[in-house]
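K.L.:
Produce the complete structure using the sequences and hints provided.
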Amino acid sequence: MVRILSAVFLTLALSAVPAKAADQPAWDKLLAEADGQTVYFNAWGGDETINGYIDWVGEQVQARFGITLQHVKLADTAEAVARVLAEKTAGRGEGGAIDLIWINGENFASMKQQDLLFGPFVQDLPNFAHVDVQGKPTTVLDFTVPTDGLEAPWGMAQFVFLYDSGTVPEPPRSIEDLLAWAKANPGRFTHPSPPDFIGSTFLKHLMLTYIDDPAVLQRPVEEVDFMEVTKGLWQALEDVRPSLWRKGETYPANGPGLHQLLDDGAVDFSMAFNPAEASAAIGAGTLPESVRTFIPEAGSIGNTHFVAIPFNAAHKAGAQVVADFLMSPEAQAKKQDPEGWGDGTVLDVAGLDPEDRALFDDLPRGIATLSPEELTPVLPEPHPSWMTRIEEEWLRRFSS
Amino acid sequence: MRHGWLRFLPGLTLLLFLGPIAAGLIGTLLPAFGYLPALGGTHLSLEPWRALLAAPGLGKAIGLSLLTGISSTAIAFVLTVLLFASGHGTRAFNRAKRAMTPLLAVPHLAMAVGLAFLLSPSGWIVRLISPWLSGWQTPPDVALVQGPFGIALILGLVVKEMPFLLLMTFAALGQIRADDQIRMARSLGHGPVQAWLKVALPQVYPQIRLPIYAVLAFSLSVVDMAMVLGPTTPPTLAPLVLRWFNDPELTMRLQAAAGAMLQLLIVLAAIACWRAAEGVIGRLSRGWLIDGRRGGDGRIARLFGWSGLAVVVSLAGGSLAGLAIWSIAGRWRFPSALPDRFSVKTWMAQAGHLADPAWTTLAVGVAATALALLLVIGCLENESRQGRMPGLGALTLIYVPLLIPQIGFLFGVQVVLVWAGLDGGWIGLVWSHLLFVLPYVFLALADPYRALDPRYARIALLLGKRPLGVLLRVKLAMLLRPVLIAAAVGFAVSVAQFLPTQFVGAGRLTTLTTEALSLAAGGNRRVVGVFAILLAALPLLGFALAAAIPAWRFRHRRGMAIGAPG
Numbered sequence: 002m003v004r005i006l007s008a009v010f011l012t013l014a015l016s017a018v019p020a021k022a023a024d025q026p027a028w029d030k031l032l033a034e035a036d037g038q039t040v041y042f043n044a045w046g047g048d049e050t051i052n053g054y055i056d057w058v059g060e061q062v063q064a065r066f067g068i069t070l071q072h073v074k075l076a077d078t079a080e081a082v083a084r085v086l087a088e089k090t091a092g093r094g095e096g097g098a099i100d101l102i103w104i105n106g107e108n109f110a111s112m113k114q115q116d117l118l119f120g121p122f123v124q125d126l127p128n129f130a131h132v133d134v135q136g137k138p139t140t141v142l143d144f145t146v147p148t149d150g151l152e153a154p155w156g157m158a159q160f161v162f163l164y165d166s167g168t169v170p171e172p173p174r175s176i177e178d179l180l181a182w183a184k185a186n187p188g189r190f191t192h193p194s195p196p197d198f199i200g201s202t203f204l205k206h207l208m209l210t211y212i213d214d215p216a217v218l219q220r221p222v223e224e225v226d227f228m229e230v231t232k233g234l235w236q237a238l239e240d241v242r243p244s245l246w247r248k249g250e251t252y253p254a255n256g257p258g259l260h261q262l263l264d265d266g267a268v269d270f271s272m273a274f275n276p277a278e279a280s281a282a283i284g285a286g287t288l289p290e291s292v293r294t295f296i297p298e299a300g301s302i303g304n305t306h307f308v309a310i311p312f313n314a315a316h317k318a319g320a321q322v323v324a325d326f327l328m329s330p331e332a333q334a335k336k337q338d339p340e341g342w343g344d345g346t347v348l349d350v351a352g353l354d355p356e357d358r359a360l361f362d363d364l365p366r367g368i369a370t371l372s373p374e375e376l377t378p379v380l381p382e383p384h385p386s387w388m389t390r391i392e393e394e395w396l397r398r399f400s401s
Numbered sequence: 407m408r409h410g411w412l413r414f415l416p417g418l419t420l421l422l423f424l425g426p427i428a429a430g431l432i433g434t435l436l437p438a439f440g441y442l443p444a445l446g447g448t449h450l451s452l453e454p455w456r457a458l459l460a461a462p463g464l465g466k467a468i469g470l471s472l473l474t475g476i477s478s479t480a481i482a483f484v485l486t487v488l489l490f491a492s493g494h495g496t497r498a499f500n501r502a503k504r505a506m507t508p509l510l511a512v513p514h515l516a517m518a519v520g521l522a523f524l525l526s527p528s529g530w531i532v533r534l535i536s537p538w539l540s541g542w543q544t545p546p547d548v549a550l551v552q553g554p555f556g557i558a559l560i561l562g563l564v565v566k567e568m569p570f571l572l573l574m575t576f577a578a579l580g581q582i583r584a585d586d587q588i589r590m591a592r593s594l595g596h597g598p599v600q601a602w603l604k605v606a607l608p609q610v611y612p613q614i615r616l617p618i619y620a621v622l623a624f625s626l627s628v629v630d631m632a633m634v635l636g637p638t639t640p641p642t643l644a645p646l647v648l649r650w651f652n653d654p655e656l657t658m659r660l661q662a663a664a665g666a667m668l669q670l671l672i673v674l675a676a677i678a679c680w681r682a683a684e685g686v687i688g689r690l691s692r693g694w695l696i697d698g699r700r701g702g703d704g705r706i707a708r709l710f711g712w713s714g715l716a717v718v719v720s721l722a723g724g725s726l727a728g729l730a731i732w733s734i735a736g737r738w739r740f741p742s743a744l745p746d747r748f749s750v751k752t753w754m755a756q757a758g759h760l761a762d763p764a765w766t767t768l769a770v771g772v773a774a775t776a777l778a779l780l781l782v783i784g785c786l787e788n789e790s791r792q793g794r795m796p797g798l799g800a801l802t803l804i805y806v807p808l809l810i811p812q813i814g815f816l817f818g819v820q821v822v823l824v825w826a827g828l829d830g831g832w833i834g835l836v837w838s839h840l841l842f843v844l845p846y847v848f849l850a851l852a853d854p855y856r857a858l859d860p861r862y863a864r865i866a867l868l869l870g871k872r873p874l875g876v877l878l879r880v881k882l883a884m885l886l887r888p889v890l891i892a893a894a895v896g897f898a899v900s901v902a903q904f905l906p907t908q909f910v911g912a913g914r915l916t917t918l919t920t921e922a923l924s925l926a927a928g929g930n931r932r933v934v935g936v937f938a939i940l941l942a943a944l945p946l947l948g949f950a951l952a953a954a955i956p957a958w959r960f961r962h963r964r965g966m967a968i969g970a971p972g
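From first to last, the protein sequence lines stand for chains A and B. Read in order, the letters of the first sequence correspond to residues 2 to 401 in the working numbering. Read in order, the letters of the second sequence correspond to residues 407 to 972 in the working numbering.
No lab work stands behind these hints, which were simulated from the structure alone. Glycine included, each C-beta is placed from N, C-alpha and C at the ideal position. Any given hint could be a false lead.
What the hints assert, rightly or not - Cross-link-like lysine-lysine pairs, in silico, PhoX-like; alpha carbons within 25 angstroms at most: (1) K232/A to K248/A; (2) K184/A to K248/A; (3) K466/B to K248/A; (4) K232/A to K184/A; (5) K335/A to K751/B.
Stated by the list, open to error - Computed list of chain B residues with no C-beta within reach of chain A, every gap over 12 angstroms: (6) G425; (7) R456; (8) H494; (9) N500; (10) A577; (11) M658; (12) R681; (13) A776; (14) V806; (15) G830; (16) D859; (17) P860; (18) A866; (19) V876.
P.N.:
Encoded structure:
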């Protein structure tokens with residue numbers, strides 16, 4: 002099943018990539034234009050190690066290209082979407098407040114559909130040539146939506162569960178086992194509250210577990226009987242809810258919020274959309290050393306996150322240069338370093354120059370990080386319309 | 407020298423004020439009825455209201471807003487009355503009054519974060535009694551913070567609003583010469599509580615009515631505090647509406663605009679109900695007021711009033727201490743009462759991130775406060791030169807920004823500012839803060855200004871001083887203390903603003919408040935502690951300066967010392 006999906010993916014992906022080489026004189030012109038610009042990078046700011054990485058990027062682009070990178074910390078990426086819309090409402094076609102947005106999934110689909118994005122620009126970025134669009138088809142297919150050169154891939158994410166091996170010696174092997182564990186240990190398990198992306202992705206794993214035919218998830222939700230397809234998901238949630246932390250009356254706001262509960266010993270599991278996050282948190286002293294990670298035997302969802310430029314960005318040249326730098330082997334290797342963020346690369350490492358490849362080969366693997374072999378299979382994201390519907394339905398059932 | 411321009415100042419002030427609010431209300435009202443051309447909404451419809459009424463959790467969210475807003479206002483008011491009734495004129499009470507100023511200064515968000523650290527299941531209170539007393543090795547699974555009935559939110563609002571009502575009542579009592587009348591009632595044999603309730607309260611209440619409505623409106627529509635302390639599934643109405651404004655599904659903006667209008671209606675309805683309740687209570691108590699009973703020694707009122715005060719002060723103190731300790735905590739697992747080790751690592755790591763928002767907070771606060779002082783002093787000076795008191799109407803208009811929920815007009819203000827090219831810039835941000843700073847500066851300064859003996863100015867004029875010289879060298883010099891306190895109040899109000907900064911700052915201008923709230927969602931207590939403690943420190947510093955400067959300036963003038971006659 003997964004293999005068929007991957008094949009579908011690959012075909013779509015290849016057709017979505019325009020074969021066009023970067024144009025050197027045009028790029029030089031862009032670099033000259035970018036020099037001295039201030040790029041307002043609107044990116045979720047809830048994680049200190051990620052913020053630290055963005056600081057490093059700021060230092061680098063200042064030193065190399067004369068660009069000042071201003072990290073505008075968001076609690077939710079949708080705030081940036083709202084801002085661009087407000088500007089469009091007011092008829093501001095240029096000079097917008099946002100130059101670059103960290104984005105994927107439903108936010109991208111929404112902005113693409115409303116024509117709020119600049120581009121296509123990605124195929125003109127020199128470093129895009131190193132991106133592994135064949136081995137990592139999600140770098141051009143964002144939640145099944147073709148990126149069409151409107152967003153530049155930044156990192157690979159995969160969902161993992163965290164557990165405290167001090168209190169749970171043997172982690173569950175499947176979502177069913179996990180829910181059974183939660184029922185047997187009332188108050189010791191919970192998930193972030195949708196529409197937080199960790200919370201929503203947890204629900205998607207439940208949906209994948211209790212669905213008859215996962216292939217329907219690749220189509221827009223409007224084409225199927227949503228309630229019928231997701232019946233198993235809601236049944237499973239209703240069953241487990243009384244056994245959740247605080248009986249499911251309240252939920253942590255996001256992933257780091259759930260980590261804090263795990264560190265407090267209030268629950269025994271957490272979740273992350275980055276296999277290296279647990280190791281980084283142990284290193285930073287915000288999670289106990291006994292924390293380890295696992296994924297269900299059936300696999301876990303992986304996706305790509307991107308950066309995009311609003312249609313009215315004031316500093317498009319600077320934003321493109323930053324987007325290109327984010328895809329450079331050096332920036333990608335630094336990002337994958339488990340001492341820092343530990344986020345997976347979008348590049349085809351095997352195809353890089355030996356010098357660049359060495360940057361990746363030298364990286365250590367954290368104490369709680371699974372090996373690439375253990376992190377299989379990787380499951381595809383459903384069409385973004387599913388996310389919206391699941392969140393709505395969750396809010397209707399559990400938040401009213 | 408004639409100051410003709412001064413005459414236009416009150417009008418200009420009101421225009422600066424009501425203009426953006428009216429524009430903001432219209433800019434929210436139109437989308438609420440489907441008109442938002444950027445989204446293709448070009449004709450009016452009721453669809454946003456239908457979507458709003460069908461939104462999951464709406465009924466519960468409204469119920470929670472009413473529950474938390476009304477009960478916190480009622481508790482803060484009743485506590486205030488009990489404290490005055492049982493403590494008026496005592497030395498302990500005057501000391502308590504001084505403790506209120508710092509509580510008033512600490513921004514709502516800093517207090518909320520501190521309270522969450524204190525009251526959560528893994529918070530300080532539980533840590534202090536675990537495991538030796540409670541037996542808990544892991545945090546108990548109980549919900550107070552973000553719990554279903556909003557108890558933590560109610561507590562947080564009471565902690566912040568009671569000091570405000572207390573200080574407002576103090577100011578109002580000064581105007582009615584309450585001391586003499588209460589002494590009279592006491593000499594006629596009334597107990598302390600009865601004397602205050604029957605003599606002072608009926609006169610004071612009309613004076614503090616508007617502050618009470620402001621507290622009610624604020625509590626019903628608070629966003630930052632509710633996001634930290636309030637329930638989440640669903641939250642109270644205002645954060646729910648903000649969530650819709652931020653939804654990736656862009657057409658949700660229309661539903662959000664309708665929600666913002668609903669919030670406005672709820673606040674207006676609640677104020678109307680409160681007003682009606684005043685009438686009913688007033689009528690019912692008429693007989694009691696003149697029945698001539700003198701009452702006892704007020705032991706019960708004293709017990710409740712002072713225990714309430716003790717709870718408020720210790721919650722606030724514990725919150726601030728908790729913030730400070732988290733900001734310097736190394737590894738600190740449950741159930742340790744204190745961190746295993748302390749470190750300044752978080753402060754060092756955050757220093758670079760603190761600088762920009764701290765600077766913006768300071769700059770916007772100082773600019774908005776300076777403008778507000780200029781306008782308020784100008785209006786008051788005009789009033790004293792014209793020799794007439796403004797009617798109740800004008801006074802109410804000053805209060806408008808405090809009585810209308812922020813979420814009801816800020817979306818519209820944002821659209822207007824973007825249209826004018828002023829969003830994300832200093833002018834727009836200072837202006838949006840001014841809307842909320844000015845009323846408080848006016849509140850703080852109007853009474854002392856009007857109370858200044860006019861003969862000082864008259865003598866100075868007779869001695870040949872120009873009016874401007876009289877204003878600067880005589881009036882303001884004598885009013886240095888209240889002017890600085892008004893400035894400190896204004897600055898504290900500016901520092902605390904979340905929604906205006908969020909909507910108008912465009913993310914380009916961030917303050918400690920907006921940074922702290924986006925970090926609070928991340929749950930890294932150490933980093934949040936650093937931001938929140940700095941957030942609390944800035945306005946406290948303002949009040950410390952407001953106390954220190956006159957003390958130094960007047961160090962050789964006994965007549966200007968605190969408590970000096972005249």
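K.L.:
Next step is simple, just say for each hint if it's right about the structure.
P.N.:
Right, here's what the structure says about each hint:
no.	hint	in the structure
1	K232/A to K248/A	21 angstroms, holds
2	K184/A to K248/A	11 angstroms, holds
3	K466/B to K248/A	18 angstroms, holds
4	K232/A to K184/A	20 angstroms, holds
5	K335/A to K751/B	22 angstroms, holds
6	G425	17 angstroms, holds
7	R456	16 angstroms, holds
8	H494	42 angstroms, holds
9	N500	42 angstroms, holds
10	A577	38 angstroms, holds
11	M658	9 angstroms, violated
12	R681	31 angstroms, holds
13	A776	26 angstroms, holds
14	V806	24 angstroms, holds
15	G830	5 angstroms, violated
16	D859	52 angstroms, holds
17	P860	49 angstroms, holds
18	A866	51 angstroms, holds
19	V876	46 angstroms, holds
Comparing the model with each numbered hint stated earlier shows that hints 11, 15 do not hold.
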